[in-house]
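Trainee: Residues 52 to 554 in my numbering are what the sequence shown lists, from first letter to last.
Careful: at least some of the hints might be erroneous.
[Unchecked claim] Across the chosen pairs, the derived CB separations fall in these ranges: (1) Pro156 <-> Thr259: 21 to 31 Å; (2) Leu426 <-> Ala243: 48 to 58 Å; (3) Glu514 <-> Phe321: 19 to 29 Å; (4) Pro238 <-> Trp119: 52 to 62 Å; (5) Arg79 <-> Thr347: 22 to 32 Å; (6) Asp487 <-> Leu429: 46 to 56 Å; (7) Pro300 <-> Ala164: 17 to 27 Å.
The set of hints was computed from the structure by calculation and includes no laboratory data. All values reported here derive from a predicted model rather than from experimental measurement. All C-beta atoms, glycine included, are put in the ideal place defined by N, C-alpha and C.
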Amino acid sequence: MTEPPRYACAWIPRFAAAALVRRDPDLRGRAVAVLTGTAALRSVAGVTTEAWTRGIRPGMSAAEARAWAPDLVVRDRDLATERAATAALLDAAWAVSPRVEAAAPDQVCLDLAGLPHLYRADIHAAAETRLGERLVSTLAVLGLPVHLAVASTRTAARLLAQASSGVPPTVRVVPPGAESRVLAPLPVTLLAPPPEVEAALERWGIQTVEELAALPRAALLARLGTTGVRLQSEARGADACPFVAAIPPEAWGEALTLDWEVTSVEGLAFVLHRLCERLAARLAVRGRGATALDLTCRLAGGGTHVHRRGGFAPLADPRTLGRLLLAGLEGLTLPAPVVGLALEAETAPLAALQADLFAPPRPGPRELGEILGRLAALVGPERVGAPTLEDTHRPDAIGTAPFMEASGRRPLHVTGAALVRRRLVPPLPAEVELRDGRPAAVTAPGTRGRVLAAAGPWRTAGEWWADTAWAREEWDVALADGAVYRLVQDLATATWTLDAVYD
């Protein structure tokens with residue numbers, strides 16, 4: 052027997068203002084108004100709860116709003132900050148359910164099928180309550196207050212979540228089949244009808260969802276058209292369209308528009324720290340770490356400067372991410388002041404650190420990531436990574452790859468190992484004296500001596516089918532100076548080189 056569908060809807064009230072408070076936590080608890088429009092005709096587009104309780108409403112002019120609250124904090128609307136808040140909302144939802152629908156920028160719907168069984172509770176509703184409380188607490192960590200409701204349809208869950216806008220963030224669970232009874236007393240304005248439809252309903256004396264749901268459908272269609280029928284379906288808690296699951300993004304981003312111009316790299320340190328904190332909080336929710344960072348500085352006048360840092364192990368510590376970014380920006384002179392920032396991260400799952408009683412302790416992700424990032428800044432990101440062999444038989448065809456497997460996007464484990472042979476790059480040219488076809492003495496830059504012992508030869512060849520054909524002969528020789536070397540003869544040119552030394 053299949054379980055009836057159950058959905059949760061998480062809704063962020065006063066979304067534009069909530070996104071700004073998330074961007075700047077110092078605004079928490081203050082009366083804040085979000086402004087839009089030109090400098091001459093700026094109006095209020097959104098307010099915090101503190102501003103709402105003081106009588107400030109969307110649509111007011113900026114001057115009128117300040118007259119109501121002289122200590123009002125005003126900020127311009129930041130669409131980049133709102134997009135980042137929507138992404139954080141989705142991250143928290145994916146941490147709870149694998150099937151998430153992006154219903155609107157300020158709300159998500161979660162398919163709860165099978166999930167309550169993960170929460171040990173004697174009553175199914177108690178398990179759904181725990182699940183909802185987990186999502187609410189996760190979003191609180193990300194700086195987003197939400198109202199959440201659980202019901203058998205997405206529409207019912209959405210309406211009940213929005214009806215809770217006047218109380219602190221809470222979780223409301225409706226038993227299956229009780230949606231109509233719970234929705235009945237809600238005001239019809241909660242359905243957000245168009246102005247002409249709202250005026251018609253007011254003339255008819257329709258004030259509640261229950262009264263709209265009870266109207267004859269045919270008569271409603273004749274008078275209000277398909278809009279009226281759609282609103283009635285919502286009033287009855289029915290879903291008008293199927294559930295469409297969103298796809299998790301490949302890259303993770305945070306962005307903001309600065310309230311002032313920054314003219315130096317040093318001045319970016321404080322803003323970058325805030326940006327990294329928000330990104331790291333989202334990564335921690337999903338158990339992932341950043342393996343590469345792209346910082347885009349939007350400059351006054353329309354230009355941009357892009358700075359990339361990569362080549363480090365998965366990392367989710369905000370301080371370390373900030374230090375890595377600032378280390379790469381040291382000494383940079385920007386051609387114009389910075390007016391906006393965007394930070395994108397390539398991510399990978401954080402590897403679990405399993406202690407081994409019989410092995411040295413492994414470095415933590417923060418220390419390892421910072422070391423690799425600083426090495427990349429010194430020698431270049433293309434020279435830092437895991438050793439790889441190219442698709443050829445050449446023994447010197449060795450390169451590096453980022454600490455990420457090409458398939459599955461899983462982090463490579465970095466472990467200690469005893470280095471047996473250290474290659475010389477480039478190999479040292481050598482002169483070799485042979486005796487009975489075996490090396491007897493070697494002369495090379497920095498070393499000279501007779502051969503006390505020799506092992507070999509080992510002959511290899513490859514690419515005989517192309518113009519790059521090669522053949523070589525290798526010996527391990529111990530010289531009188533006490534060192535052991537790998538000696539190589541190129542059979543095509545009859546030249547000798549010291550290819551490596553044993554430590």
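Trainee: Determine for every hint whether it applies to the structure shown.
Mentor: Results for each hint:
| no. | hint | in the structure |
| --- | --- | --- |
| 1 | Pro156 <-> Thr259: 21 to 31 Å | holds, 28 Å |
| 2 | Leu426 <-> Ala243: 48 to 58 Å | holds, 55 Å |
| 3 | Glu514 <-> Phe321: 19 to 29 Å | violated, 56 Å |
| 4 | Pro238 <-> Trp119: 52 to 62 Å | violated, 25 Å |
| 5 | Arg79 <-> Thr347: 22 to 32 Å | holds, 27 Å |
| 6 | Asp487 <-> Leu429: 46 to 56 Å | holds, 48 Å |
| 7 | Pro300 <-> Ala164: 17 to 27 Å | holds, 23 Å |
Of the numbered hints stated above, those contradicted by the structure are hints 3 and 4, listed in ascending order.
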